[in-house]
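Line order of the protein sequences matches chains A and B. Take the working numbering: the last position of the first sequence gets the number 114, and nothing is skipped along the way. Take the working numbering: the last position of the second sequence gets the number 114, and nothing is skipped along the way.
Treat the hints as calculated values from the structure; they're not laboratory data. Note that CB positions come from ideal geometry on N, CA and C, so glycine has one too. It is possible that some hints are incorrect.
Chain B residues, not near chain A, derived (Cβ > 10 Å throughout) [claimed, not checked]: (1) Q22; (2) A24; (3) T86; (4) V113.
For each label pair, taking beta carbons as the anchor points, the in silico distance ranges come out as [claimed, not checked]: (5) A:P9 - B:F10: 19 to 29 Å; (6) A:P9 - B:S107: 18 to 28 Å; (7) B:P75 - A:K56: 34 to 44 Å; (8) B:N65 - A:Q81: 36 to 46 Å; (9) A:N7 - B:N62: 20 to 30 Å; (10) B:I54 - A:L11: 36 to 46 Å; (11) A:S69 - B:G40: 43 to 53 Å; (12) A:H109 - B:E59: 16 to 26 Å; (13) B:P75 - A:P40: 17 to 27 Å.
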Amino acid sequence: DQQVKQNSPSLSVQEGRISILNCDYTNSMFDYFLWYKKYPAEGPTFLISISSIKDKNEDGRFTVFLNKSAKHLSLHIVPSQPGDSAVYFCAASGTGGGADGLTFGKGTHLIIQP
Amino acid sequence: NAGVTQTPKFQVLKTGQSMTLQCAQDMNHEYMSWYRQDPGMGLRLIHYSVGAGITDQGEVPNGYNVSRSTTEDFPLRLLSAAPSQTSVYFCASSYSTQGASGYTFGSGTRLTVV
Numbered sequence: 001d002q003q004v005k006q007n008s009p010s011l012s013v014q015e016g017r018i019s020i021l022n023c024d025y026t027n028s029m030f031d032y033f034l035w036y037k038k039y040p041a042e043g044p045t046f047l048i049s050i051s052s053i054k055d056k057n058e059d060g061r062f063t064v065f066l067n068k069s070a071k072h073l074s075l076h077i078v079p080s081q082p083g084d085s086a087v088y089f090c091a092a093s094g095t096g097g098g099a100d101g102l103t104f105g106k107g108t109h110l111i112i113q114p
Numbered sequence: 001n002a003g004v005t006q007t008p009k010f011q012v013l014k015t016g017q018s019m020t021l022q023c024a025q026d027m028n029h030e031y032m033s034w035y036r037q038d039p040g041m042g043l044r045l046i047h048y049s050v051g052a053g054i055t056d057q058g059e060v061p062n063g064y065n066v067s068r069s070t071t072e073d074f075p076l077r078l079l080s081a082a083p084s085q086t087s088v089y090f091c092a093s094s095y096s097t098q099g100a101s102g103y104t105f106g107s108g109t110r111l112t113v114v
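Use the sequences and the hints to build the structure in full.
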């Protein structure tokens, strides 16, 4: 059973607007939540993370929100730029600081329209 | 600084053949892990290691073997390749206290088993 779910396989957003990518999880023992960005033929690159004890983390154009009661997190990108077009993966790590690896969602393909 | 280096980038195997996917990191990271990415499936954890001499199974370990004799290297062995192992394989590494910053990924090995 999937512990991390990204229910939107793709999302199309106009350049300059806000992109909102969503992620749900089922395991309440997850300690950190992370977002990775992936271009074709490359490995995933770390974007931003949030601890389970926080509800918001911001880094430049990227903000991640965590709603623990709903087991839901979202990534906001403002403003969206053409270079943001990529697949975005939501991931989670356990209380071991990621020692036992990451659990990934299936990804959302973000397309930024000019 | 090379980061995480995976070799080869591409490989075609015949069913039943064995091979080793190489992974090396030069960041003195304790944690290392292997993932496979299949279309529509996201990344799934195969094996992971929390330090030299210590390895454990992830979500999809069957048909794969790993060892960690040094901090730098974490090879993944396919014992008897099957078409179901056709996938893109990613190796990743992280510091032990880097739950918030996540893993650094290699650029991947695309494996086709015919």
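Taking the earlier hints as the rules, which of them does this structure contradict? 11
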